[in-house]
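Novice: Sequence:
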Amino acid sequence: MRRITSQDRENAKRLKGIWNRKKSDLGLTQAKAAQALGYAGQGAVGQYLNCHIALNYEAVIAFAKLLRVEPWEIDPSLGSLRQSEVEERGGGEIPIARTLTRHGTPSKTSITTRYDYMVGQCYGVEIDSDEYRPFAKRGTTVIASRAEEPLPGDDVVIAQQDGTLVLGEFHGGDNVSVTITRHSTLEKETMMLSNIESIDPIVEVCMPRPARPRRLHAVR
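Going left to right, the sequence shown walks through residues -19 to 200 as our numbering numbers them.
Think of the hints as simulated: they come from the structure by calculation, not from any bench. This list has only true hints and no planted wrong ones.
Each computed SDA-like pair below joins lysine to any residue, with the alpha-carbon atoms no more than 25 Å apart:
id, residue 1, residue 2
1, LYS(-4), LYS45
2, LYS12, ARG(-11)
3, LYS(-4), GLN10
Kindly generate the complete structure, drawing on both the sequences and the hints.
Specialist: Below is the structure:
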């Protein structure tokens, strides 16, 4: 769940244009599209076409396959992806966008993820404060995904309109607000979507690895 941006509106406009051009040739109705895409009803298709819901990565890929176009024809930001990367993306280097408090720069510019994520849609944030213990200690990097919607119970990175970041547990929300528990205070609160730029689920937490001395004898 996130605020609709101008880029989201442009992506929905492109999708709707492709839909209007190709639906007759492909024999599609919104009901048939909903069934093919695995949606509960045709209303979801209309919400994407009219930008009532922002298109995330999976939705772009699904509509591209349905309409037999390339994903970047809907979302130009995906133009750097190759078809093999769209179908299966392995781990790789993820940029560390900033420190959590913005007091200083990250200790490194990128981090290697161990798992199978859409690397081009992920970013890292380095924790530069002790207030997030025990969730994460100073020097930890959290990797968040722009491509996935948060689910209740997910740890998330919330980017606010004023540029500050909040880490917390996502509990859910509606078109007006979301409820989280801040990891810094462990207090539950409601945040207005009008003050939020994005809410991205954390998909990996990378702890710092200090240089430890080796044991003289292996432990059996």
